[in-house]
Amino acid sequence: MAKLVSLAEGVADLVRDGDVVALEGFTHLIPFAAGHEIIRQGRQDLTLVRMTPDVIYDQLIGAGCARRLVFSWGGNPGVGSLHRFRDAVQHAWPRPLELEEHSHAGMANRYVAGASGLPFAVLRGYTGTDLPGHTTNIRPITCPFTGETLTAVPALRPDVTVVHAQRADRNGTVQMWGITGVQKEAVLAAHRSLVTVEEIVDELEPVPGQVVLPGWAVTAVAEVPGGAHPSYAHGYSVRDNDFYRAWDAVSRHRDTFRAWLDEHVHGAGAMA
Amino acid sequence: MADWTADEMMTVAAARQLRDDTACFVGIGLPSTAANLARATHAPNLVLIYESGCLGAKPDRLPLSIGDGILADTADAVVSVPEVFNYWLQPGRIDVGFLGAAQLDRYGNINTTVVGGDYDAPTVRLPGAGGAPEIAASCGEVVVIVRQDLRTFTERVDFVTSVGYGTGPGDRERLGLRGGGPRVVITDLGVLEPDPITCELTLTRLHPGVTREQARAATGWDLAVAEGLATGEPPTARELTVLRALEATKSDGRRP
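For the protein sequence lines, the chains are A and B, in the order given.
Sequential numbering of the first sequence, starting at 1, is according to full-length UniProt numbering.
Sequential numbering of the second sequence, starting at 1, is according to full-length UniProt numbering.
Treat the hints as calculated values from the structure; they're not laboratory data.
C-beta: ideal position from N, C-alpha, C; glycine also.
Worth double-checking, as some hints may not be accurate.
Some, not all, of what chain B presents toward chain A, calculated at C-beta under 8 Å [said to hold, decoys possible]:
#	residue
1	S52
2	L64
3	F85
4	Y119
5	A137
6	S162
7	G176
The following residues of chain A were derived to be distant from chain B, with all beta-carbon distances above 12 Å [unchecked claim]:
#	residue
8	D17
9	Q44
10	D45
11	R67
12	R95
13	P154
14	R157
15	I200
16	E203
17	A249
18	L261
19	H264
20	H266
21	A268
Bound conformation, chain B alone (with noise of 0.2 Å):
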């Protein structure tokens, strides 16, 4: 048995994706834990921007929310939301855009507004898009990091909140998208990056002890595997300690 869990095997890959001295769009959860994760080991002068208006927040334990007082207190500069879309997304001044996703297809598209049903009456209704379209299109690149099972990894999304690769290659130059895309979708299972040519999904990495089976098995659609399909490293003890110190700021809701 590993001494690790999935989740925080999947925290620590999404972390190692991002690097130092890059401005990186961060949503609250998962994306938030890892890139402070990331902060706090190989990339110190990771820029985190929250669309809270929060431009390079350094909080020293994980905000509790897009914002959380610890984020502005900590940042370079608190702006207006307008500011935060119109100067530093819109313009292509962010380099890695990390989102979630509550459906996600072979292409790359994100749903986060709602599952089943039609768009009126939804067998559910998600949060909906928030920043997430303006992030998918003018980031640099998209890190998207999500749990990966049938209900999520889906043949086609019920709705396309945000853009991955639209409906394959050469489909974001054709809608005037600025930013490049998914580079790289994490999961609790593996890694997977898009086809330099059929821009689909491809499993290239597995977490250790996960089998390509596992990660087929919970993919809605025929998932591609890599020729040379790897296996990642596992966390090591530093990742784990920082991770878990993080995350146990989180337990003390007294704090702001």
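Chain A with its partners taken away, still in its complex shape (with noise of 0.2 Å):
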């Protein structure tokens, strides 16, 4: 069963100096707060995984907290560059920033083989482009059966995976619905997993096409109303995009960035 926790306690048992650590979200159910507490806590050197590093990844690099970063696409969607993060690349600001870079393909079916307990995926992928040549961890393979060259990538197992979801039970059991991405598969490839709810309820009403993860397959579950703001939870709240559109200015320089984390993570304090 999970263990009902505050966000405070739970990013303080479950990250660690050193982890590899995946927050997913597709655009839809981005654990931004948690991301947040994980910059309060001031975690360092983390090695950050998530297909689409947006705006909580700036964030985090720009903290300080990532050493290297395991992704397949890093921008503001619909809106443009992550500031931050061509700040860590191209200047080595506020630290060097190491790149395992994947195709979306790729990343997800690292998660499957994770979830899937193998190790490793393999998929029609990565052939012919400059992929292979800069990321040690896509690999030609031979099809046993057919003698077809495929690409093989290891399984992804992050020592911690944070999502967030619209609801959980006392028990920990979790649902979440719409856009979904690979929270499940980041989930269950996971050492520990935290899970940050718009709200826990005495019973769990069923959803169409929901997933719902056991409360014995995740080990601590936080409410957190609102967690995933700027982007948005099904049914609980739309995306901020007036936020997402601003944060192209406030990312641009380390000064405007710097203040806007002093302002709205360090000064906001733990949540729930």
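Please assemble the complex out of the two chains, which come individually in their own frames, going by the hints.
The following block contains the structure:
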């Protein structure tokens, strides 16, 4: 059964310096509040994993929490570049950032292999691109049945995966729906997991198309209403598109970014 | 003076490339705008597939991101990201891949990764691959939409993120890529198509008011021009009305 915790307790217990950490969410249900708590608790040397490192990873990278990034697309969706990510790659600010770069299909399959308890995944991908030349975790493999050359990518097994979902019950069984990205795979691939939810309820009502993670498959659940803001939680909140647009100007310069971080993350105090 | 912009012409020309009753893997930005324009005009049964897992999305306004709630609300099915790539894209179930580019070369190879310097210390770090390498490899054909200028249309891309025709004829087959590759490139100046023999992108159509010299001057290699170089049709009043109404839906930032 998952432990019900506060956000601060959950991050303190489950996210450690030097960890491989995945905060997943595909535009929808991005665990922003948990990311901010990781910044507030001053985690260092993290290997951040995520298919689409968008604004929350821009914030974690700019705050100096990350040593390495494993990803497949780093941008501010619908807006433009991630300036803190670019500053780290192009100018090593606030510290150098090592990259391990994949395609979405490669990353998704790495999580699938991790969740499946297999050492690697196989896909027909990457062929002819320059990605294998820069990422040793992309290798050719011969099909033992047909002789076809395919691509192998190793399983991703984060030390801890953090996701946000709509609801959980008091046993920590988690319900999520709408666009669910790779959250289920990322949780099942990880050694530990923290799920923040909009609300904890006595009984979960079935919802069409829901994904359920049983309480015994999750390490800890924290009730964090609005924990996905500025992304959204289908059925609870809408995406704050103004925030994403405004982030472009905030993140463009180191001083405006630091001022934002001081006011909205360090100054905000732990939620829940 | 035309009463439409170069970007509008480009978007309309791209929308016209999409046929009704086909499935299209759509990226956010210009591809999404053009695909939704096509669906609202000549291709009402165009199936829009977004990599967030939304199959058959039918938004009545332009989504502001790949995972906009309107896509899930209006989709035939919402599936996981591994499913989109493994079950739908990889086996060749999607007819058209619709891609943008930061750099494009004469063989239609696309770079969205790094520009200048080397990979570890680039001049400009771009977002990266996302779904594009496998879209370019596996869709029945690829439509590219990109503004044409010397920064973008480059002799060699600095990084091959997604393969067009590789180094030329036969290269896709040698690499084992199953999809047909870029069928057409739509720019703000005109339309390019691969030469059937050399696979080299060839200017086949100009947008109204654009000259071949302009197109050649905006291309970083010696641009081949088709013998029967034609001028395309300007946007119709209906296309412009629908496109502008779609664009107007983006300005309301409070909607999800």
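Results for each hint:
no. : hint : verdict
1   : S52  : holds, 5 Å
2   : L64  : holds, 5 Å
3   : F85  : holds, 4 Å
4   : Y119 : holds, 5 Å
5   : A137 : holds, 7 Å
6   : S162 : holds, 7 Å
7   : G176 : holds, 6 Å
8   : D17  : holds, 25 Å
9   : Q44  : holds, 22 Å
10  : D45  : holds, 20 Å
11  : R67  : holds, 15 Å
12  : R95  : holds, 15 Å
13  : P154 : holds, 16 Å
14  : R157 : holds, 16 Å
15  : I200 : holds, 23 Å
16  : E203 : holds, 24 Å
17  : A249 : holds, 14 Å
18  : L261 : holds, 21 Å
19  : H264 : holds, 19 Å
20  : H266 : holds, 27 Å
21  : A268 : holds, 23 Å
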